[in-house]
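Asks: Below are the chains, spelled out letter by letter.
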Amino acid sequence: MAALPRRIIKETERLISDPVPGITAYPDESNLRAFTVAMDGPDSSPYEHGVFDLELYLPDDYPMCPPKVRFLTRIYHPNIDKLGRICLDVLKDNWSPALQIRTILLSIQALLASPNPDDPLANDVAEDWKKDEAKAIGVAKEWTSKYAKSHTASGSAE
Amino acid sequence: MGNTPAKESRPRASSYSSSNSGSYPGVDTQPNLGYSYNYGYGRSPGSPFNSYLGESRSRRNTTSSVFGHIVPSRKSKKSEEKDRLREEHYMNLIVKFDESVDGGYLAPYGTYKSNLDFDSEIVRGLIVARRLAPFYTPLQDFDESWSDQELLIIIKQLTLHSIEGAYSGEEEDDDIDNHKIHRSSNFYKRQEQKIKLKMLIEKIKELQKQQEDRYLEAKTSSSVVKSLPSNNLLLRLYRNPVECPICFVFYPDNLNLSRCCLQPICSECFVQIKRLDPHPPHDDPTNANTVKRTTEELPHTLISEPSNCPYCAMTDFGVIFDKNLDFSTGINGIPPHDFEQTNKSTPNVNDNDNESDEQAVMSSSPTSEQEPSIIPTKLRKRRESVPANSPRVITIDQIRPDWESKLLSARSKLARKAAAASAIHASNLIINPETEMAEYDTRRRRNTGSSTQSQQNSRLQTMEERMIEEALRLSIIDEEERKRKEEEKKRKDKSNRDRSFS
Amino acid sequence: MSKIPRNFKLLEELEKGEKGLSAESISYGLSNQDDITMTHWNGTILGPPHSTHENRIYSLTIICDDKYPDKPPQVQFVSKINLPCVDSNGYVNPDKFDTLQNWKRSYSMETVLLELRRSMASPAHKKLHQPPEGSTYD
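Residue numbers (the UniProt record's numbering), protein chains in the order written: chain A, 1 to 158; chain B, 1 to 502; chain C, 1 to 138.
Careful, some of the hints might be misleading.
[Stated by the list, open to error] With a straight-line Cα cutoff of 30 Å, these simulated DSBU-like cross-link-like pairs (lysine-lysine) come out:
| hint | chain 1 | residue 1 | chain 2 | residue 2 |
| --- | --- | --- | --- | --- |
| 1 | A | Lys92 | B | Lys406 |
| 2 | B | Lys78 | B | Lys196 |
| 3 | A | Lys146 | C | Lys67 |
| 4 | C | Lys104 | B | Lys198 |
| 5 | B | Lys96 | B | Lys82 |
| 6 | B | Lys209 | B | Lys198 |
| 7 | C | Lys9 | A | Lys149 |
[Claimed, not checked] Derived CB-CB ranges, DEER-like:
| hint | chain 1 | residue 1 | chain 2 | residue 2 | range |
| --- | --- | --- | --- | --- | --- |
| 8 | B | Val225 | A | Glu29 | 40 to 48 Å |
| 9 | A | Ser30 | B | His279 | 33 to 41 Å |
| 10 | B | Met91 | A | Asp118 | 48 to 56 Å |
Think of the hints as simulated: they come from the structure by calculation, not from any bench. Just so it is clear, CB atoms sit at the ideal spot from N, CA and C, and this is done for glycine as well.
Build the full structure now, drawing on both the sequences and the hints.
Replies: Next comes the structure, spelled out in structure tokens:
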């Protein structure tokens, strides 16, 4: 593998030395452009108390193109589909090279806190969400306890 | 790339499309087959066959006036010209130590290995004119505790170009055209271009290596080399470097600033910023009606927008460069070796050295209101946002002026696809006029590129349908061909008979 | 060029298939839309014209295990076909099919399907007698 760009090395170092609260991201040993991410569901969201696994990859053109990210843990969310793909503008056309892995992960966490059913990726979920938000939130909570690791059980405190 | 529907498949120079559709090489290369089911692209289900073709034809006419110089008769000459321009461009990417401006160079160091298709001639001119920061050799790390001696040793070990990082480890994308039964008319042309490019890059690498050798020779030479920077110059530049917030490497505090929010950006990152590929207008939440997409995907509605500022997302990204040096070396300046200005300037610089701190750079406030007092006042107007049309601003469109031709080329490509698609669609309608319409309409509604439930459930079925329809279509074409031949034969026979009678 | 991890490569392939950007004579998609591991895929090949395959549509299953794309996928025809690289159970034999034997990381399911189609159309194979249309391996 070609040498890693300085930026990726520094971002990785800073992610580890100064982690984002509620998010861990470690590069894979075999591929330093690939990261394993664990994200706490935001407080007072249906994903609260869940820890969600994601994977992230920095393509060749990073940071001129966005990182690729998807959820590995099943999650009931109007902007995340069954394969864990995420519909988020900063992961697409609104990416800016001044953003970082850190900022992107925070944006994803913010998306968990405020779902946007008007710009859905998972249409069925979005429809449920618009039809009966309370019920949808119930399902999201159910999925969180069913599929996500438990935040308290993992021992990591706020 | 440039495929016209089969009947008009005269060879076309692929020059304008070769660089802007890189993500999926060879996607649309098989002439005339199956565009009808390319879900992502515009095809109006109800639009009459003729009007669509008509539109495509007129579209082609308008573009051909734009691309008027690419006519078959002069093609070889044009392709030679293109090769020559490309070679010139790549030659411009060689960092030469005796081509310097204020201690920096006219070509990038090689932090990025792709997206180097900016107009290198224009960029060189801007650097020489001191309107854009020169490409400085970056420091991968910097520590304020380094002594001058340590700093000089580190700087002097740097190469002109990160040649291995920039060119090594190429694993080529697979070209799907390699695996098709019939290769497109452009296939061999593209293969040839690829080989040429590879050879050119080899040549450039070799020339860059020669430059490095010459540079090393000059540095170790016992005699004076005027084009090498003096120690004072190096210290003046690198004593208080700034970390570029995008590539995270350290540069002399002589960077471009975004015109809107006055954040620093090195020239190497700046020339990477470009417009997004031409795309349909963005979904507006207020008209998220999927039916609307059919019109949105019409070729002439494809748009291309200026890039936004990477820091504050302001439209029409551009930079200003207030050369904050009180000297000029290299081109239009004194020989770099003759730079003598000693520590008398350093204290001033040290007075505002806080910019090497990441937080300071990343913060949203303008990076340096306070300026070294030694800077001539004519360059030191108070810094504030500058409108995009100010003559001081360099926009990304200025260094990539080809965006317009790329847009036109994307539009005409889409128009050709649409024309082929509606031709096929029309022939499908002949088989099954009632159901087809409804079917296509529903399919189009699913066609948003995302994976909705209904789309997922029906995708397999849809694939099968596509296959069957494709098969039907092919058999119709065969049948038509057979009839046509038969009729031609009849006509010939008749005319032969007629002739023999007369 | 860095090595794109399996899952992101498969997502790219999936997207290309979904957006209709892949070659028109073949298609492929996930067998199960919930399969977050993206292991099981379906493929189709439109029989090439001017051959005994003309107008036939061949279904296949493709398995991309966790070694993909470092190792080739496992490919099996569902529709019966007479082709030297396909064994009596419909499996494409990697020893007899160059694309699988000399697999490259840059290849994709699209590559495999197109190359199979090319093999079907090759002068040596295009006249091979074929099992009845619509018959499948069980």
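Asks: Each of the hints needs a verdict: does it hold here or not?
Replies: We went through each hint and held it up to the structure:
At roughly 21 Å between alpha-carbon atoms, Lys92(A) and Lys406(B) fall within 30 Å of each other, so this suggested pair holds. The suggested pairing of Lys78(B) with Lys196(B) holds, with an alpha-carbon distance near 16 Å, which does not exceed 30 Å. Restraint check for Lys146(A) and Lys67(C): satisfied, since their Cα atoms lie roughly 29 Å apart, inside the 30 Å limit. Of the pairs offered as hints, the one joining Lys104(C) and Lys198(B) holds, with about 20 Å between alpha carbons and a cut-off of 30 Å not exceeded.
Note on Lys96(B) and Lys82(B): the hinted pairing holds, with a Cα-Cα distance of about 24 Å set against a maximum of 30 Å. A distance of roughly 17 Å separates the Cα atoms of Lys209(B) and Lys198(B); the hinted pair therefore holds under the 30 Å criterion. Distance restraint check for Lys9(C) and Lys149(A): the Cα-Cα separation of roughly 26 Å lies within the 30 Å cut-off, and the hinted pair is therefore satisfied. Distance hint check for Val225(B) and Glu29(A): the Cβ-Cβ separation is about 46 Å, which falls inside the suggested range of 40 to 48 Å.
For Ser30(A) and His279(B), the hinted distance range of 33 to 41 Å is satisfied, since their beta carbons lie about 35 Å from each other. In this structure, Met91(B) and Asp118(A) meet the distance hint of 48 to 56 Å, their C-beta atoms being roughly 51 Å apart.
Violated hints are absent here; each numbered hint is respected by the structure.
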